[in-house]
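Since chain B is already given, all that's left is putting chain R on it; use the hints.
Sequences listed follow chains B and R, in order.
For the first sequence, the working numbering gives the first residue as 16, with consecutive numbering after it.
For the second sequence, the working numbering gives the first residue as 144, with consecutive numbering after it.
By construction, these hints were calculated from the structure, which means they are not laboratory data.
For each residue, glycine too, the CB sits at the ideal point set by N, CA and C.
There's no promise every hint is true.
[What the hints assert, rightly or not] Mimicking DSS-like on lysine-lysine, the simulated pairs with C-alpha atoms at most 30 Å apart in a straight line are:
hint	chain 1	residue 1	chain 2	residue 2
1	R	Lys377	B	Lys74
2	R	Lys484	R	Lys518
3	B	Lys74	R	Lys379
[Unchecked claim] Some chain R residues flagged as far from chain B (calculated, every beta-carbon gap over 12 Å):
hint	residue
4	Ala225
5	Lys260
6	Thr262
7	Tyr296
8	Asp298
9	Pro344
10	Lys377
11	Ser396
12	Pro400
13	Leu416
14	Val486
15	Glu506
[As the list claims (entries may be wrong)] Coverage of chain R stretches by chain B, computed from C-beta distances (three or more under 8 Å per stretch; other residues unrestricted):
hint	region
16	236-249
17	378-392
18	423-433
19	444-456
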Amino acid sequence: MAKRIREALPLLPFFALVTIFLIVPTVTVIFSAFFVDGAFSLSRIAALFSETALSALWKSVLLSASTAIIGALLGAVLAWLIVSSPPSSILRRAVISLCSVLAQFGGVALAFAFLATIGLNGVLTIWVQQHFGWNLAGSGWLYSLSGLILVYTYFQIPLMVIVFVPALEGLREQWREAAVSLGASTFQYWRQVAVPLLTPAFLGSVLLLFANAFAAYATAAALVSQGSPIVPLLIRAALTSEVVLGQSGFAYALALEMIVIVAIVMVAYNLLVRRTARWLQ
Amino acid sequence: MKRTRLFGIAALTTSALLCAGLTACAPPEKRSEGEQTQSGRSAAEATSADDFGGMDGLVDAAKKEGELNVIALPPDWANYGALIKAFSDKYGIKVNSAQPDAASQDEINAAKQQKGKSTAPDVFDLGQSVALANTAMFAPYKVATFNDIPAAYTDPDGKWVNDYGGYMSIGFDSTKVPPVADINDLLKPEYNGKVALNGDPTQAGAAFSGVLMVALSQGGSVEDIAPGVEFFRKLKEAGNFLPVDPTPATIESGQTPVVIDWNYLNAARTAKLPSWQVFVPSNAIVAGYYYQAINSDAPHPAAARLWQEFLYSDEGQNLYAAGGVRPVRADGMLRAGTIDKAVIDHIPVIDGPVSVPTPDQTEKATTYLTDNWAKAIG
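Bound conformation, chain B alone (with noise of 0.2 Å):
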């Protein structure tokens, strides 16, 4: 028993920390979604089934649907490309540094970069006007949801090739030469040996960039200025807002439904992940 609190101790500084930051604010929020000045009460929630909560959810898990799966397809096309050279390779260990970063690019610094560079007064959008006589920033296309749609990929992509690079290189290469001994073509290979070995970590890797995607917040509220189209910005329009007021009730039902959205994708992802963790290790 003492031994095991001794092994136990390292991770206290470890679950207080989950407890301030997850178990505490996660509690407030489902507390707060229910009980309006102490009373049970069910309208808080109820708000969540108006035309708003209801056109933001929708356009959250489209636009976090979509970027998901462009971004695993082209992640996992260029994880391929990353693994299928030499691991002491510059130009690999180039990429796959570059990849931790633009991870990360998310944010107001991304969302600029790409108003200054193709939005409507962008370098880009000017540039192509006068010697082209091309209007690419259109009908401001990039400041709705087509345009976040762009942008999150753009951060998507990276995230791909880093959580899928390691599920490639954990295909042997004697699965390979086995398949090939026993008179597999390179395409039989892929299609009856590796396809079905990486599908559910490649499912798994599609989830992770959804909950990625759902969850981001300052890229969308430094491109988008008008209009809340999705969750993240209803919640923050209903926090912040200085012309309507007395809206921090339905930010937290708001906030309860990401949390529960959240929980259902990261409950799959757990049995996707197991199920890979048997072949892959």
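Just chain R now, kept in the frame of chain B:
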């Protein structure tokens, strides 16, 4: 009240854990009730400098507290950087400026969350709707110059007093667009993709007033904001509306060549971008004033009151004016000749009727915007 107790316990456990684990955590201090003043009232109950036995007594009490917590005061907004420095130098009181870029509602949230701690805000500077919704949190206090302030700009008990205001304006970069001389100019093709509004009018007070200004120019009134929304719909249709939240960075880099915002914010940009000009349309003048108030749970009640005295003194009002805003005592000071010659030029000259929406009118317009704004610009 079960909920409060539950969270009280959770918060206690949390801070105990935090303090055990991290040394950077300031322990929650018991709020000092302040020194007893000469009149026998505590500083937190004083309603004028007389309760301290005059200004000298107030200054002594504030110096004893030694600190003042302010929140949401950006240094480049209404000259707050200079105001804080002048106050600090004059009285030797350390000013802790928290979250300078926070919104009005954040100030109230901070006061509630940090209630009873030494870090809670002492004073507020709030937009109209947030201020009027939270008067229960304000301590009544009348500064020495209270009677010089027009009654329309004060609460009769002194719970809040308007401190400074400005007019809605259109700022533009004269090297990028032709000069704006009328609001209807904005529909012209020269402004394609260039006209930005400071925020979403259902969220930001400045944007709300911007839509109201446009409404006035289109035959609307403080009772009828619909023509303003219709104008923005046309602006969007023409491809002229630029849905970017303007910041000093977007203005200096040329991403937002035309910005609808308060005149003092637009005027502040000219310092870094000399070609940035400010236009206040004379047929649609919308004024807005900020609300100054003392937190009734202020950890430094005497310093909070001294800060009020300072802001509404000739010195404080002149410092406001130097930041391009219109201090609330401007008219009286112009008459009395106590305003600095150097800052008169900074105060915009306005002729024509000035509209300030009442809380009821604001609420009505807000309801309309909530239902129609997203459809108009979506």
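The hints, checked one at a time:
1. Proposed proximity of R/Lys377 and B/Lys74 is supported: the alpha carbons are some 25 Å apart, at most 30 Å.
2. This hinted pair does not check out: R/Lys484 and R/Lys518 have alpha carbons roughly 48 Å apart, beyond 30 Å.
3. Proximity of B/Lys74 to R/Lys379 is assessed by CA-CA distance (about 22 Å); at most 30 Å being required, the pair is judged to hold.
4. Separation of R/Ala225 from chain B is adequate, the least Cβ-Cβ distance of about 25 Å exceeding the 12 Å criterion.
5. Non-interface status of R/Lys260 relative to chain B is upheld: no Cβ of that chain comes within 12 Å, the nearest being about 17 Å off.
6. Once the 12 Å rule is applied to beta carbons, R/Thr262 is consistent with being away from chain B; the minimum gap is 18 Å.
7. Every CB of chain B is more than 12 Å from the CB of R/Tyr296 (nearest about 19 Å), matching its label as outside the interface.
8. No beta-carbon of chain B is positioned within 12 Å of the beta-carbon of R/Asp298; the least distance is around 18 Å.
9. Non-interface call for R/Pro344 relative to chain B: violated, since the shortest CB-CB distance, roughly 7 Å, does not exceed 12 Å.
10. With a least beta-carbon separation of about 14 Å from chain B, R/Lys377 lies farther than 12 Å from that chain, consistent with its non-interface assignment.
11. A Cβ of chain B approaches the Cβ of R/Ser396 within 12 Å, the least distance being about 6 Å, so the stated non-interface status is violated.
12. Not every C-beta of chain B lies more than 12 Å from that of R/Pro400, the closest at about 7 Å, which undercuts listing it as non-interface.
13. The claim that R/Leu416 is not at the interface with chain B holds, since no C-beta of that chain comes within 12 Å of its own (minimum 14 Å).
14. No beta-carbon of chain B comes within 12 Å of the beta-carbon of R/Val486; the shortest separation is about 28 Å.
15. Under the 12 Å C-beta cut-off, the non-interface status given to R/Glu506 relative to chain B is violated; the minimum distance is some 9 Å.
16. Counting residues of the region 236-249 of chain R whose CB lies closer than 8 Å to any CB of chain B gives 4, which reaches the minimum of 3, so the coverage claim holds.
17. Counting residues of the region 378-392 of chain R whose C-beta lies closer than 8 Å to any C-beta of chain B gives 7; at least three are required, and the coverage claim holds.
18. As drawn, the region 423-433 of chain R meets chain B at 0 residues by the rule of a beta-carbon pair under 8 Å; below three, the given contact is violated.
19. Taking a C-beta to C-beta cut-off of 8 Å, the region 444-456 of chain R contributes 0 residues in contact with chain B, too few for the three needed, and the coverage statement is violated.
Of the hints listed earlier, those the structure fails to meet are numbers 2, 9, 11, 12, 15, 18 and 19, in rising order.
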